[in-house]
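Participant: Sequence:
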Amino acid sequence: MGWSGLSDPMLVGYIARAGYDAVLLDQQHGFHDTASCISCISEAALTGTPIIVRVSVNDFAQAARMLDCGAAGVVAPMINSAADARRFVSHVKYPPLGQRSFGPGRAMQLSSATDDQVFVQSANGNTLAIAMCETREALDVLDEILNVPGLDGVLVGPADLSLALCSGIMDPNGSAVRNATLDVARRSRAKGKIACAFAGTVERSRELVRDGFQLVSVEYDEKVIADAFAKVLNEAKQV
Numbered sequence: 037m038g039w040s041g042l043s044d045p046m047l048v049g050y051i052a053r054a055g056y057d058a059v060l061l062d063q064q065h066g067f068h069d070t071a072s073c074i075s076c077i078s079e080a081a082l083t084g085t086p087i088i089v090r091v092s093v094n095d096f097a098q099a100a101r102m103l104d105c106g107a108a109g110v111v112a113p114m115i116n117s118a119a120d121a122r123r124f125v126s127h128v129k130y131p132p133l134g135q136r137s138f139g140p141g142r143a144m145q146l147s148s149a150t151d152d153q154v155f156v157q158s159a160n161g162n163t164l165a166i167a168m169c170e171t172r173e174a175l176d177v178l179d180e181i182l183n184v185p186g187l188d189g190v191l192v193g194p195a196d197l198s199l200a201l202c203s204g205i206m207d208p209n210g211s212a213v214r215n216a217t218l219d220v221a222r223r224s225r226a227k228g229k230i231a232c233a234f235a236g237t238v239e240r241s242r243e244l245v246r247d248g249f250q251l252v253s254v255e256y257d258e259k260v261i262a263d264a265f266a267k268v269l270n271e272a273k274q275v
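Residue numbering for the sequence shown follows the working numbering, beginning at 37 and increasing consecutively.
In short, the hints are calculated from the structure, not lab data. Ideal placement from N, C-alpha and C gives every residue a C-beta, glycine not left out. Any given hint might turn out to be false.
[To be verified] Label-pair ranges, simulated between beta-carbon atoms:
1. A226 <-> G204: 28 to 34 Å
2. D151 <-> A97: 23 to 29 Å
3. A212 <-> E271: 36 to 42 Å
4. M46 <-> D207: 32 to 38 Å
5. G139 <-> A212: 42 to 48 Å
6. L218 <-> K273: 38 to 44 Å
7. A264 <-> A212: 29 to 35 Å
8. S92 <-> G139: 17 to 23 Å
Let's have the full structure, built from the sequences with the hints guiding it.
Facilitator: And the structure:
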């Protein structure tokens, strides 16, 4: 999965055309907003690449809006309880799983759907609701969160997990984080949910896949671009 924090649709198009299985647009810590996500979803649709949007904390109304605009899934940060997960699901799944309001005009256009009833009947199965579990509180009740009907998966990020497990110390590659992520993958898959993770490096993404994660980011756009320019400049200086 490609990870996009920069809000340029052309850049998202480049990521999609590189062959990633999906591209995540980051509203929480990246620069994406509603307008950029709508443009990027349309750009990625040209390649058939699904878009996932990470919304800001507790912005469940925006999560539903992104699905209406054609996103294939949404990620909700800081889901710390089963109650949080149920509230999230209630916004992004149609009845009987949730209470999502109907108005997916753009989503239907992008999927070439013409029948409202047919769209509704398949929408819950065609869109992903993914909860970020990145605190001690969430890990303590992970099974309860995973048991929430309509929740499709859980995503862990090493930075916040490190802050939570290591008393405010950034140690994303330490043993505490590694052990916790292994446990999340095992428990998620045991419940039939999708195990997802953020990886800041190619090497870490390989480890996470070996650990059982099914949806893993590989680097992120800001770092890839910065590294590429630094590499070109260093090579030029050696001439």
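Participant: Hints first: check each against the structure and report whether it holds.
Facilitator: These are the hints, each one checked on the structure:
1. A226 <-> G204: 28 to 34 Å: Check passed, 31 Å falls within 28 to 34 Å.
2. D151 <-> A97: 23 to 29 Å: holds, 26 Å
3. A212 <-> E271: 36 to 42 Å: With Cβ atoms ~38 Å apart, the hint holds.
4. M46 <-> D207: 32 to 38 Å: holds, 36 Å
5. G139 <-> A212: 42 to 48 Å: 43 Å Cβ-Cβ, so the 42 to 48 Å window holds.
6. L218 <-> K273: 38 to 44 Å: Since L218 and K273 have Cβ atoms about 42 Å apart, the given range 38 to 44 Å holds.
7. A264 <-> A212: 29 to 35 Å: Holds, at about 32 Å.
8. S92 <-> G139: 17 to 23 Å: About 21 Å separates the Cβ atoms of S92 and G139, which means 17 to 23 Å holds.
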